[in-house]
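What follows is the residue order along each chain.
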Amino acid sequence: MIKVEVDMTKCQHYGQCVFEAPDIFRLNSDDKLEYTAEADDSERANIEAAIDVCPMQAIRIVE
Amino acid sequence: MNHPVVIVGASMGGLRTAESLRRFGYLGPITIIGEEAHKPYNRPPLSKEVLANEVTHEAVAFEERAATADVNWVLGTRAVSVDQEHNTVTDSSGMVHPYSALVIATGLRPKRLNLANGDLAGRHALRTLDDAINLRAELTPGADVVIVGGGFIGCEVAATAAKLGCDVTVIHHSAHPMLRPLGTELARQMQLRHEAEGVRFLLNRSVVGVSGDSRIREVQIDDGSSIKCDVLIEAVGSDSNTEWLESTNIDLSDGVLVDSAMRAISTSGNIIPKVYAIGDVARFANPIFDDVPRRVEHWNIPTETAKRAADVIVAQLSDDEKFESLVQEQFKPVPSFWSDQYDIHLLAFGSLSLSDTVTLVAGDVTGECVFEYHRGDQLVGVCGIGMRSVVQSYRAKFI
Ligand SMILES: Cc1cc2nc3c(=O)[nH]c(=O)nc-3n(C[C@H](O)[C@H](O)[C@H](O)COP(=O)(O)OP(=O)(O)OC[C@H]3O[C@@H](n4cnc5c(N)ncnc54)[C@H](O)[C@@H]3O)c2cc1C
Ligand code: SF4
Numbered sequence: 001m002i003k004v005e006v007d008m009t010k011c012q013h014y015g016q017c018v019f020e021a022p023d024i025f026r027l028n029s030d031d032k033l034e035y036t037a038e039a040d041d042s043e044r045a046n047i048e049a050a051i052d053v054c055p056m057q058a059i060r061i062v063e
Numbered sequence: 001m002n003h004p005v006v007i008v009g010a011s012m013g014g015l016r017t018a019e020s021l022r023r024f025g026y027l028g029p030i031t032i033i034g035e036e037a038h039k040p041y042n043r044p045p046l047s048k049e050v051l052a053n054e055v056t057h058e059a060v061a062f063e064e065r066a067a068t069a070d071v072n073w074v075l076g077t078r079a080v081s082v083d084q085e086h087n088t089v090t091d092s093s094g095m096v097h098p099y100s101a102l103v104i105a106t107g108l109r110p111k112r113l114n115l116a117n118g119d120l121a122g123r124h125a126l127r128t129l130d131d132a133i134n135l136r137a138e139l140t141p142g143a144d145v146v147i148v149g150g151g152f153i154g155c156e157v158a159a160t161a162a163k164l165g166c167d168v169t170v171i172h173h174s175a176h177p178m179l180r181p182l183g184t185e186l187a188r189q190m191q192l193r194h195e196a197e198g199v200r201f202l203l204n205r206s207v208v209g210v211s212g213d214s215r216i217r218e219v220q221i222d223d224g225s226s227i228k229c230d231v232l233i234e235a236v237g238s239d240s241n242t243e244w245l246e247s248t249n250i251d252l253s254d255g256v257l258v259d260s261a262m263r264a265i266s267t268s269g270n271i272i273p274k275v276y277a278i279g280d281v282a283r284f285a286n287p288i289f290d291d292v293p294r295r296v297e298h299w300n301i302p303t304e305t306a307k308r309a310a311d312v313i314v315a316q317l318s319d320d321e322k323f324e325s326l327v328q329e330q331f332k333p334v335p336s337f338w339s340d341q342y343d344i345h346l347l348a349f350g351s352l353s354l355s356d357t358v359t360l361v362a363g364d365v366t367g368e369c370v371f372e373y374h375r376g377d378q379l380v381g382v383c384g385i386g387m388r389s390v391v392q393s394y395r396a397k398f399i
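As they're listed, the protein sequences go chains W and G. Quick note on my numbering: the first sequence kicks off at 1 and runs consecutively. Quick note on my numbering: the second sequence kicks off at 1 and runs consecutively.
The set of hints was computed from the structure by calculation and includes no laboratory data. Note that CB positions come from ideal geometry on N, CA and C, so glycine has one too. Just so you know, not all the hints are guaranteed correct.
To be verified - Chain G regions said to be covered by chain W (calculated; three or more residues, Cβ under 8 Å):
no., region
1, 68 to 81
2, 177 to 187
3, 298 to 309
What the hints assert, rightly or not - Here are some of the chain W residues that sit facing chain G, going by a computed Cβ distance under 8 Å:
no., residue
4, Met8
5, Thr9
6, Cys11
7, Gln12
8, Gly15
9, Gln16
10, Leu27
11, Asp31
12, Tyr35
13, Ala37
14, Asp52
15, Gln57
16, Arg60
Stated by the list, open to error - Taking lysine-lysine pairs in the DSS-like style, the calculated list, with each CA pair at most 27 Å apart, reads:
no., chain 1, residue 1, chain 2, residue 2
17, G, Lys39, W, Lys3
18, W, Lys32, G, Lys163
19, G, Lys397, W, Lys32
20, G, Lys322, W, Lys10
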């Protein structure tokens with residue numbers, strides 16, 4: 001399992017991460033970010049891609 | 001043992017290339033040569049948080065990944081020339097680096113105003129962390145700050161300086177700040193927002209001179225007037241860092257011309273084997289829009305072009321039979337862009353500045369809103385304040 005952490009003091013809800021890892025990140029009906037904090041190892045590449053595209057560099061994988 | 005893949009430019013583009021090489025299975029050596037002393041960091045905060053607070057390199061640095069722990073970093077060092085016959089790069093310490101593939105990721109630097117009296121203290125431009133730290137020290141409450149250039153970086157700095165209590169004037173060459181990308185309605189609204197925060201605009205104007213003792217005290221405008229100035233910030237566009245490539249046959253007419261596989265193209269139009277360019281410095285055609293090669297200064301482009309180049313390089317180095325089909329594939333990354341000014345967060349997809357008509361399609365320009373950008377009947381971009389799911393839904397239209 002991978003633990004995902006988003007620093008919500010940095011996140012501006014741009015939703016770029018949603019395109020890279022749609023199973024982990026989504027925007028809710030208020031256009032705010034929601035995410036699943038625990039993910040399967042098979043999601044690692046997608047989560048790393050989400051980290052790459054996050055403008056606020058708010059996403060981290062906590063090993 | 002193969003020669004390393006040599007990446008020149010140790011910023012986002014260079015780092016993402018190294019990471020992507022590993023992700024595509026390359027196990028060999030990687031060297032990254034970078035002029036700045038710092039390891040790669042994120043530039044967008046430089047016009048925002050870094051100017052407003054005591055932010056250190058650590059706070060803006062990209063996180064290092066295990067896969068690239070063995071990269072050979074050659075920092076505080078410039079690449080000065082390339083020998084295409086022997087496939088080597090020479091750096092400013094005289095070291096010669098043979099390469100199996102060369103990745104040009106040297107980005108841009110700010111254009112500077114050409115001013116008589118130009119060696120007065122108090123002139124700034126903003127591209128690097130060191131630039132931001134130097135500028136921060138001068139943005140004291142009550143300082144007369146003059147920003148030349150009302151593009152995104154100029155306006156973000158204006159917002160940050162205004163919040164810090166500076167007296168801010170923006171001198172811009174057209175009728176509204178950010179007019180070319182945003183279009184009249186949204187640009188005018190952004191201007192009003194800045195003016196409400198105390199920022200002054202001198203529009204359709206330019207700077208013709210500066211004066212002072214050892215420091216700048218006054219700026220002369222082309223209408224014959226002068227304004228007080230303690231700090232002059234020049235945000236008038238960028239030039240490509242390609243001087244070190246001048247002895248090569250690469251087409252450097254505006255950045256580095258590359259094909260859809262990020263391979264450098266010569267002045268006679270031929271593909272140059274083993275040499276690639278990515279990021280802000282790369283000029284490539286994007287079939288989403290047309291076949292005209294352009295440089296794209298949007299934050300997601302270094303990452304997208306780095307992945308594309310790394311994929312092709314791994315195939316090149318392993319003599320993979322898929323190389324020929326891979327380089328023929330279309331490459332059409334969707335440019336994405338954002339800008340934070342006060343509590344306004346603009347988000348855009350596509351290439352707004354290609355448009356000839358701009359239409360409000362949702363919301364209200366004084367609050368949350370979405371604009372479509374068309375060139376003829378082709379949709380070339382979307383930009384919104386808030387209404388994220390509407391803006392997001394457009395991205396699929398470009399793919
Ligand atoms: C202040 C600021 C704010 C920004 N804000 C936003 C924003 O809000 N939204 C957005 O979408 N984009 C923004 N951008 C744009 C974004 O940061 C750039 O698109 C991105 O940094 C480009 O990355 P790059 O790796 O291609 O080039 P660069 O980051 O320019 O890196 C090139 C590196 O190469 C080095 N170099 C140059 N010549 C040599 C040489 N001969 N030898 C060795 N090294 C060399 C340079 O020192 C530099 O470190 C901003 C940019 C700036 C400067
Ligand atoms: S990309 Fe980053 S800033 Fe945007 S919603 Fe995801 S975590 Fe937040």
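Outcome of the hint check:
no.	hint	verdict
1	68 to 81	violated (count 0)
2	177 to 187	violated (count 0)
3	298 to 309	holds (count 3)
4	Met8	violated, 15 Å
5	Thr9	violated, 11 Å
6	Cys11	violated, 11 Å
7	Gln12	holds, 6 Å
8	Gly15	holds, 5 Å
9	Gln16	holds, 7 Å
10	Leu27	holds, 6 Å
11	Asp31	holds, 4 Å
12	Tyr35	violated, 15 Å
13	Ala37	violated, 18 Å
14	Asp52	holds, 5 Å
15	Gln57	holds, 5 Å
16	Arg60	holds, 7 Å
17	Lys39/G x Lys3/W	holds, 26 Å
18	Lys32/W x Lys163/G	holds, 26 Å
19	Lys397/G x Lys32/W	holds, 22 Å
20	Lys322/G x Lys10/W	violated, 41 Å
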